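Chain by chain, the residues run as shown.
There are 2 protein chains.
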Amino acid sequence: GQIEGCIECHECAKRCEANAIAYTMQDEHIEIDAGAIILATGLDLYDVSPLTEYGYGKIKNVVTAIEFERLTAASGPTFGELKRPSDGKIPHAIAFIQCVGSRDFKHKAYCSSVCCMHATKEAILAYEHHPGTKSTIFYMDLRAVGKRFQEYVTRAKEDYNVTYIRSRPGMVAVNPENQNPIVWYEDTTTTETKNMEVDLVVLCQAMTPRGSKELAEILDIKLNEYGFVEVPDKLSHPVDSTRPGIFACGYVHSPRDIPDSVTQGSGAAARAAEVIAGGN
Amino acid sequence: GQIEGCIECHECAKRCEANAIAYTMQDEHIEIDAGAIILATGLDLYDVSPLTEYGYGKIKNVVTAIEFERLTAASGPTFGELKRPSDGKIPHAIAFIQCVGSRDFKHKAYCSSVCCMHATKEAILAYEHHPGTKSTIFYMDLRAVGKRFQEYVTRAKEDYNVTYIRSRPGMVAVNPENQNPIVWYEDTTTTETKNMEVDLVVLCQAMTPRGSKELAEILDIKLNEYGFVEVPDKLSHPVDSTRPGIFACGYVHSPRDIPDSVTQGSGAAARAAEVIAGGN
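Protein chains in written order, with our numbering: chain A, 1 to 280; chain G, 1001 to 1280.
By construction, these hints were calculated from the structure, which means they are not laboratory data.
There could be a bad hint or two in this list.
Claimed, not checked - Only part of the chain G face toward chain A is listed, based on derived beta-carbon distances under 7 Å:
{"hint": "1", "residue": "Leu1045"}
{"hint": "2", "residue": "Asp1141"}
{"hint": "3", "residue": "Ala1144"}
{"hint": "4", "residue": "Gln1150"}
{"hint": "5", "residue": "Tyr1152"}
{"hint": "6", "residue": "Arg1155"}
{"hint": "7", "residue": "Ala1270"}
Fair warning: this is a prediction, and the values are worked out from it, not measured in the lab.
Glycine included, C-beta positions come from ideal geometry on N, C-alpha and C.
If we strip away everything but chain A, and leave its shape as in the complex, we get (with noise of 0.2 Å):
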């Protein structure tokens, strides 16, 4: 397959109803007249290596938000055994830290939104995988907004054994003898220093606009200083650029989720469609 990770399973071009998917399809430059434009260009994920305090890239067992998914993905490098990359162990106790580069002022100053959710969906699905397993999800603010989130939380906690602990990690370090990563965090309860050895260290991490600089360069549209597509009228005309005729959706327009993402996509449709029809 072309796109990195595919298994050629099929899967996929048998549930698109709109018969879309063409496994080899080459890529075109294709010149069209278009009325409007919509950018929905998604995001990237931030680098955290140099977030030297978690220790990633160093220490084995600490692997980034997307590492983890992937580890847990059927189509991923453990054709979705949930090992620990060290010595393939069963990770029985995981911990997830929350706003790795976002909420940062060193680095990303927002919010990426979807991370606390992200965390708690993952840490379902490690219990999932291995009933018993202990997560243990560091956070600054539990970013439960969005339809359902707060009972999802209360679920995860309830039922598969999901943990939250206010506080940012200042140090990930490691148990040479097992390789264990140590998380060291004050507990906000005591206001004690303490530590918390796990078998494998998930770091959620910031994210990034995708490819905005350039597509902003090329259509001379403003971005924010983050590389977000800048909205004038946030209000009355919340999927509108800097420039007639020019609309965003998704991550690309702020960092936001699916349902968020499809809903701004049908919005900016809308627009584009009032716009080709001679509106504005």
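Please build the complex by placing chain G on the supplied structure of chain A, with the hints as guidance.
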């Protein structure tokens, strides 16, 4: 004016490009044939009087966030002068209590979603009325999820004298000598129980979907247990209800703020157009 609080300044009529403001219009019942229906009824405020620990209705200088909004509005009972109810004094110290009725299994389990940012806006507003005003926001998790929201909170802290304390206060008492409310809470940095005497307490109450129960019966659509419109396919059809051709947007769909509601409105319009044009 027919609308409560309308001072008939005719500013809205001047600003409405579609010329849709009619001051003398009477209520009418109209029967129309429609190819699609979009529900956008907005929100109602949850009654906070059963939460007796906060003293609403008993302690004069405890108001709700919406009452506070009215106290700062030019068309409000004080003509825009921010004065506290008991004696008309300017409140120099204001406490905002978040999640009053929200994220509370005895009341509404869900996060009402807009209150953290609304309180931040109100605290900034108070400072703009009376520079030097000290606002304290007692919160459970600071839910600054949205474009520029994290930066807005930082600005509130740095430029508008706003302090955020993570705590769900257990009680509001009153100083009988000056009618000052006293907020009792746990200081999570020291684990001590503390109190803070302020001039005014603002309760940021839960919000509920407006009129959804009656509409659901008429339209034969499903709601969730909190009265929000049930969406069977959140990922691929995020504004569709359980009945084809009926869509929902804004707070009646789920707790969400104005830009997201406008985006949903645009998305729902696109879906309605699709259905009317013969798609699904």
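Results of checking the hints against the structure:
1. Leu1045: Violated, because the Cβ-Cβ distance from Leu1045(G) to chain A comes to roughly 19 Å (cut-off 7 Å).
2. Asp1141: Since chain A brings a Cβ to about 4 Å from Asp1141(G), closer than 7 Å, the hint holds.
3. Ala1144: Check passed: Cβ of Ala1144(G) comes within 6 Å of chain A, closer than 7 Å.
4. Gln1150: 5 Å, holds
5. Tyr1152: With Cβ-Cβ at 11 Å, over 7 Å, it is violated.
6. Arg1155: 11 Å, violated
7. Ala1270: 4 Å, holds
In summary, the structure is inconsistent with hints 1, 5, 6 from the numbered list given earlier, while agreeing with the others.
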